[in-house]
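Heads up: the sequence shown runs through residues 2 to 203, numbered per this note's numbering.
Incorrect hints may appear among the rest.
Simulated crosslink set (DSBU-like; lysine-lysine; CA at most 35 Å straight-line) [what the hints assert, rightly or not]:
id, residue 1, residue 2
1, K97, K194
2, K97, K83
3, K176, K97
4, K97, K155
5, K155, K176
6, K83, K176
7, K194, K176
8, K183, K194
9, K155, K83
10, K155, K183
11, K97, K183
Treat the hints as calculated values from the structure; they're not laboratory data.
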Amino acid sequence: MALIIGLTGGIASGKTTVANLFHQHFAIDIVDADVVAREVVAQGTPGLHAITAHFGDAILLADGTLNRTALRERIFADNDEKNWLNHLLHPLIREKMTQDLRQVRSPYALLVVPLLVENQLQSMADRILVVDVDEATQIARTMSRDHVSEQQVKAILSSQASREQRLAIADDVIKNNAENQKLLPQITELHQKYLAISRTNL
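Construct the entire structure; sequences and hints are all you get.
What follows is the structure in structure tokens.
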């Protein structure tokens, strides 16, 4: 299997931007946990069937797909339901990510997992790349992007791993603060490094 680089970072750190630059400039394959999470509850999947059996058909939209808003409301109000859903989905997501990583054709792959630290998925990657940004920048970016209050952003930040916790497990770091948008030189340097590592792993 290809060398796996686990890419993570807090909200509005620029994970997607970084992953896209690796893909656009160097044709590196990406496995994105958020995309996989949607795939495992798509129409006709065992995941959606289990959710419907548990919550009832009211959890579906008219076209038979999952009503994510309704599901969020149900689990937000009830910790037991949230735990039930996590126990169902986490193994499905992990299994699908593993399957997708086996299909990788590039010399190394990016496994993009926003909650890598929180869900302790470090073992799925050979190296951890953290997109690091200061909290003030995260707050400003999220408020601007999602049109939410500072209070809401701070609540999200407090529910995620801290900057220090992420940096503690990082093998590599990309700095993406507002005054430092020079991402491509950092990515190019890491690309060369990962190519060298992947060659020694053959």
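Verification of the supplied hints:
1. For the hint linking K97 to K194, the alpha-carbon distance of about 27 Å falls within 35 Å, and the restraint holds.
2. Of the supplied pair hints, the one linking K97 and K83 holds, its CA atoms being roughly 21 Å apart against a limit of 35 Å.
3. Of the pairs offered as hints, the one joining K176 and K97 holds, with about 30 Å between alpha carbons and a cut-off of 35 Å not exceeded.
4. Proposed proximity of K97 and K155 is supported: the alpha carbons are some 32 Å apart, at most 35 Å.
5. The suggested pairing of K155 with K176 holds, with an alpha-carbon distance near 21 Å, which does not exceed 35 Å.
6. A C-alpha spacing of about 33 Å is found between K83 and K176, which places the hinted pair at or below 35 Å, so the restraint holds.
7. The hinted pair formed by K194 and K176 meets the criterion: a straight-line CA distance of about 17 Å does not exceed 35 Å.
8. The straight-line distance between the Cα atoms of K183 and K194 is roughly 18 Å, inside the 35 Å bound, and the hint therefore holds.
9. For the proposed pair K155 and K83, the alpha carbon gap of about 21 Å is at most 35 Å, so the pair holds.
10. The straight-line distance between the Cα atoms of K155 and K183 is roughly 27 Å, inside the 35 Å bound, and the hint therefore holds.
11. Of the supplied pair hints, the one linking K97 and K183 holds, its CA atoms being roughly 33 Å apart against a limit of 35 Å.
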